[in-house]
Amino acid sequence: MPAPIRLRELIRTIRTARTQAEEREMIQKECAAIRSSFREEDNTYRCRNVAKLLYMHMLGYPAHFGQLECLKLIASQKFTDKRIGYLGAMLLLDERQDVHLLMTNCIKNDLNHSTQYVQGLALCTLGCMGSSEMCRDLAGEVEKLLKTSNSYLRKKAALCAVHVIRKVPELMEMFLPATKNLLSEKNHGVLHTSVVLLTEMCERSPDMLAHFRKLVPQLVRILKNLIMSGYSPEHDVSGISDPFLQVRILRLLRILGKGDDDSSEAMNDILAQVATNTETSKNVGNAILYETVLTIMDIKSESGLRVLAINILGRFLLNNDKNIRYVALTSLLKTVQTDHNAVQRHRSTIVDCLKDLDVSIKRRAMELSFALVNGNNIRGMMKELLYFLDSCDPEFKADCASGVFLAAEKYAPSKRWHIDTIMRVLTTAGSYVRDDSVPNLIQLITNSVEMHAYTVQRLYKALLDDISQQPLVQVASWCIGEYGDLLVSGQCEEEEPIQVTEDEVLDVLEGLLVSNLSTPVTRGYALTAIMKLSTRFTSVNRIKKVVSIYGSSIDVELQQRAVEYNALFKKYDHMRPALLERMPIMEKTASNGPTEIVQTNGETEPSVVEAKHPPPVTQPTNQANDLLDLLGGNDVVPVIQNTVSTKPASAGGELLDLLGDLSLSGGTSPAPAPSVPTSQPSFFLDGLTSQPLFNDIAAAGIPPMTAYNKNGLKIDFTFERANPNPNIAVITIHASNSTEADMTDFVFQAAVPKTFQLQLLSPSSNVVPALNQGTVTQVIRVLNPQKQQLRMRIKLTYTHKGSAVQDLAEVNNFPPQSWQ
Amino acid sequence: MTRLLKIVSCSSLRFFLQMRFLLLFSRQGKLRLQKWFTPLTDREKKKVIRDMMMLVLARPARSCNFLQWRDLKIVYKRYASLYFCAGLEDHDNELLALEVLHRYVELLDKYFGNVCELDIIFNFEKAYFILDEFLMEGEILETSKVAVGVSLEEADTLQETMEEYMSKPAY
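Chains A and B, in that order, give the protein sequences.
The first sequence begins at 1 in UniProt numbering and counts up by one.
The second sequence begins at 1 in UniProt numbering and counts up by one.
These aren't lab readings, by the way, just hints derived from the structure by calculation.
Glycine residues also receive a C-beta, built at the ideal position from the N, C-alpha and C atoms.
There may be inaccurate statements among the hints.
Stretch-level coverage of chain A by chain B, calculated; a stretch enters the list once three of its residues show a Cβ under 8 Å from a Cβ in chain B [what the hints assert, rightly or not]:
hint	segment
1	46-60
2	74-82
3	149-160
4	192-200
5	323-337
6	468-481
Below, a list of computed lysine-lysine pairs in the DSS-like style, where the Cα atoms sit at most 30 Å apart [what the hints assert, rightly or not]:
hint	chain 1	residue 1	chain 2	residue 2
7	B	K145	A	K186
8	A	K282	B	K77
9	B	K35	A	K72
10	B	K145	B	K110
11	A	K282	B	K145
12	B	K73	A	K29
13	B	K145	A	K322
14	A	K362	B	K73
15	B	K168	A	K108
16	A	K72	A	K108
17	A	K72	B	K46
All chains, please: the whole structure from these sequences, using the hints.
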C-alpha cells in the first residue's frame with residue numbers, strides 16, 4: 001500500500017482543479033483512500049490523513065468519519081499527533097456528538113502532562129469546545145493550574161476557567177480562592193486573562209461584584225503604571241503600552257464603578273488622565289479613548305468628567321476616520337437619553353453626517369437626529385431630515401418617513417406646518433410610509449379643522465401630479481370626499497384658492513377608480529369619496545351613475561360598497577345626508593388608530609378592509625350636534641330630522657364668550673324624540689337614557705349633584721363613565737319643576753373650558769311638567785383627556801307663565817371622581 | 001433529551017462574550033480559516049459564512065469597517081487578498097477589535113515572514129496554532145508579540161522529525 005499523499009501535495013492537486021466537479025471528484029477519491037487507511041488502523045499516517053481531512057472540511061465537504069480518529073490522535077504519545085488531533089477535535093467535534101465525551105479522560109491526562117505545551121493544548125481544547133459535562137469533570141484540574149506559578153499555563157487556565165463558568169455558572173465559586181493574587185502578576189498575559197476572568201465573575205454574580213470592588217485601587221494602580229511607564233517594546237502598539245490590557249481594565253472598572261459612589265470616585269482621576277493624555281493620532285489611541293468614554297458614561301462620574309466624555313465623542317465626529325465617526329454616532333445614540341443637553345451641542349455635526357457617503361454612518365446619524373429633535377429645533381431639524389428623505393437610499397425611506405411623522409406629531413409648531421410636512425413626506429416618499437400612517441394622518445387632518453380647505457386643496461393638487469403613491473392617494477381621496485365642498489367653493493385662507501369644478505373633482509376620483517396604478521384598497525377609498533360627495537355636490541346624477549356601474553364590479557369589496565351605496569340612493573335616501581355627514585373630531589386612543597367618540601353616522605372608518613352596513617335605524621343622536629357644540633373644531637354640518645339646520649359651531653373660546661355670542665334661533669326645537677318614560681326625580685337613580693348606543697355602565701358611586709336650583713327649576717346631574725373610554729364623563733341632567741305651571745320650550749345649553757370637549761344629546765322633551773310630575777333628561781358627554789377639573793357654564797331658557805325666562809349659571813361643584 | 005435542554009440553556013446564558021467568530025476568506029469567496037467561539041450547528045455555521053461573505057464582499061472600497069448584522073457588530077478588514085471578519089457582541093469595542101485583527105496579521109507575518117494568502121492556504125493548520133496562542137474563548141490570551149512567537153517556536157521544536165516520529169511508540 002503506497003504511502004498516502006502528503007498534505008501539501010493534496011492541497012496543490014486540489015487547487016489545480018478547474019471546475020467544481022473536478023474538485024469534487026478528487027476529493028471523493030482521496031476520502032475513499034483515507035477511509036480505507038482509517039479502517040486499517042494505520043498509526044503512522046493517521047496524522048497526515050486527518051490533516052488532509054481537515055483541509056477538505058474547510059472546503060465544505062463532510063468529514064465526520066474522522067471524528068474518532070481525532071480521538072486516537074489525541075491519545076497518542078507523539079506531540080505532532082496531539083497537535084493535529086486536538087485541532088481536529090476543535091473543528092469537527094462539539095458538544096452535540098456523544099463521541100466528545102470520550103475525550104475527557106485524555107484531556108485529563110494531558111492537563112497533568114510534563115510538557116507545558118501539551119497541557120496548553122488540552123486547556124485550549126477544553127476552553128474551546130468543552131461541554132458542561134466535561135467542564136464539570138475537569139474544573140478541578142483547571143483550578144489547580146490557575147494557581148501554578150507557570151505564567152504560560154496560568155493565563156490559559158484563566159480563560160479556560162472563563163469557559164467553564166460560562167458553561168456551568170454554579171462552578172464559579174470554586175475559582176474564587178485562586179483569584180486572590182491574580183492581579184499581583186507581572187506577566188501581561190496573565191494580567192489580561194485574569195482581568196477577563198474577574199470581569200466574567202462580576203458580570204454573573206452581584207455578590208462577586210461586591211466582593212471584588214476592593215480591587216479598584218489595585219486596578220487603578222496597574223492602569224496608571226501602564227500609562228506612565230516608558231517604552232516597552234514587548235507590549236508597545238504605536239507608542240501606547242499594551243492597549244489591550246488598558247481597555248480590559250477600563251471595562252472592569254466600568255462594571256465595578258457602576259452604581260457605586262465610592263468606587264466611581266476612586267477612578268475619577270485615572271479616567272480623566274487617560275481621557276486627556278491618550279494619543280489620538282492612531283486607531284489604537286482612539287480605541288482606548290472610546291472605552292474610557294463608555295466607562296465615564298456608565299459610572300457615577302462627576303459632571304465635569306461626563307462633559308469631557310461627550311466632548312471627546314464630539315471630536316470623534318469630526319475625525320477624518322470613518323470608523324471613528326461611526327463609533328461616535330453609536331455611542332452618542334446610547335447617551336442621548338441620559339445626557340440630552342450635552343449631545344444637543346453637537347447637533348449640527350450630527351446633522352452633517354446625514355450627508356456622509358457611508359451607509360452605516362448615514363443610518364446612525366438618522367437615528368441620532370430623530371432622538372435629538374425637540375420643540376426648539378423642530379423646524380431646522382425637519383428641514384434637514386426632509387432633505388435627507390428626498391435623497392436617501394430606499395432602504396432608509398420607510399424608517400425616515402415614520403420618524404418624521406412621529407417627530408411632527410410631538411413637536412409641530414403649528415397645524416399648517418404639520419400638514420405641510422406630511423404633504424411633503426407623502427409626495428416624496430409616499431410609497432414607503434407605513435400602513436398605519438394613513439389612518440393616523442386622516443385623524444390629524446380631521447382634527448385640524450381650520451386647515452381643511454387648505455389641506456384638501458393641496459392634496460387635490462398633489463393628486464393631479466401623481467397618482468402612483470398609494471398612501472398619498474388614499475389620504476387625498478378621503479379628504480376630497482369629506483371636504484369636497486370646500487374645494488369647489490374656492491375658499492382658502494392659507495394660500496391662493498384654486499378654481500375647481502365639481503366635474504373636475506369627480507373626473508379625478510373616477511380616474512383613480514379605473515387606473516391600473518390603484519390598489520383595491522385605494523379604489524375603495526375613491527368610491528366612498530365619490531359617494532360622500534353626493535351630499536356635498538349638486539351633480540348627484542353623475543355620482544349615482546358611477547355608483548351603479550360598480551355594482552357589478554368584479555372586485556367583491558367594490559361591488560359590495562357600490563350595492564350598498566345604491567341602496568342608499570334608492571330605499572334609504574332619507575338617511576343618506578345623515579350617514580354621509582362630516583366626520584366629527586376623532587379622539588386619539590393610546591394604541592393604534594383613531595376611534596370615534598360617537599358613531600353619529602354609519603359611515604365606515606377609513607380602514608377599508610371591512611364594509612360596514614349602515615345601521616338600519618336612524619340614530620337619534622344625530623340631533624346631538626345641533627345646538628351646542630360650543631367648542632372649536634367641530635364644524636359638523638348637523639342634520640336633524642325635519643328641523644332647520646343650525647349654524648356651525650363657533651370656535652371654542654373662554655367660557656364667558658361662548659354663551660354671550662350664541663344666539664339661539666328661536667324656532668329651533670328638536671323634533672319630538674320618542675319620549676322617555678319619566679322617572680321620579682331621585683338622587684340615586686342612575687339616569688341611563690334610552691339611547692341604545694351607549695353601553696354606559698354606572699360608575700361605582702360617583703355621587704349625583706345639584707347643578708342648579710332657582711325659581712322652582714332644579715337641575716340635577718348624575719354621572720357615569722363611558723365605556724371603553726375613561727376620559728369621557730357621561731352626565732345626565734334631570735330637570736324638574738316645582739312650580740305650579742309647566743315650563744315649556746325648555747332648552748338646556750352648556751359650555752366647558754377649551755381643554756374639554758362636550759357633546760349634548762337630545763333631550764327627552766322640552767316641557768318640564770309642573771309640580772315635579774316629571775323630569776326632562778338630557779345626556780351630556782364630556783371628553784376630558786387632560787383630566788382637568790370640570791367646570792361648566794349652563795344657560796337655561798324656557799317659557800313660564802307666558803314670559804320667557806333666561807338664566808346663566810356656573811357649575812363648579814363637580815365631584816372629583818367625575819373628572820379624575 | 002436532557003442533553004438537548006442543557007445545550008439550549010447554555011446557549012441562552014451567553015452573557016458578555018467578546019467575539020463570536022473569526023473568519024478569513026478570499027475575495028473570491030473561498031474560506032481560509034474559521035474559528036467559532038460559540039457552539040453552532042453546521043447549518044448555522046454555513047449560513048453565517050454565506051452571509052458574511054455576501055455582506056463584506058459587497059461593501060464599497062472606502063466604507064467604514066463596521067456593519068450591523070442581526071444583533072451583532074461585524075468588524076472586517078482587508079489585508080491584500082484576504083478578508084478578516086469578526087462578529088462581536090453589541091457592547092464590544094469595535095475599534096479595539098480592529099487592533100485585534102491587526103495583531104493576528106502581525107503574528108502571522110512574523111511567523112511566515114511576509115505572509116501572503118498562499119502561506120495560509122498551504123499551512124492552514126499552523127494558522128490555527130498561531131491563533132490558538134493568541135485568542136481563546138474569544139478573548140486575548142497574550143498581549144505580547146514576543147511571547148507568542150516564543151511559544152510557537154518552542155512548540156514547533158517539539159514536533160517530531162520523521163525518524164523520531166517513526167521510532168516513537170504510538171500509545
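Verification of the supplied hints:
no., hint, in the structure
1, 46-60, "holds (count 6)"
2, 74-82, "holds (count 7)"
3, 149-160, "holds (count 5)"
4, 192-200, "holds (count 5)"
5, 323-337, "holds (count 5)"
6, 468-481, "violated (count 0)"
7, B/K145 - A/K186, "holds (16 Å)"
8, A/K282 - B/K77, "holds (16 Å)"
9, B/K35 - A/K72, "holds (23 Å)"
10, B/K145 - B/K110, "holds (9 Å)"
11, A/K282 - B/K145, "holds (19 Å)"
12, B/K73 - A/K29, "violated (41 Å)"
13, B/K145 - A/K322, "holds (28 Å)"
14, A/K362 - B/K73, "holds (16 Å)"
15, B/K168 - A/K108, "holds (22 Å)"
16, A/K72 - A/K108, "holds (15 Å)"
17, A/K72 - B/K46, "holds (28 Å)"
Figure legend: structure checked against the earlier numbered hints; hints not met, in rising order: 6 and 12.
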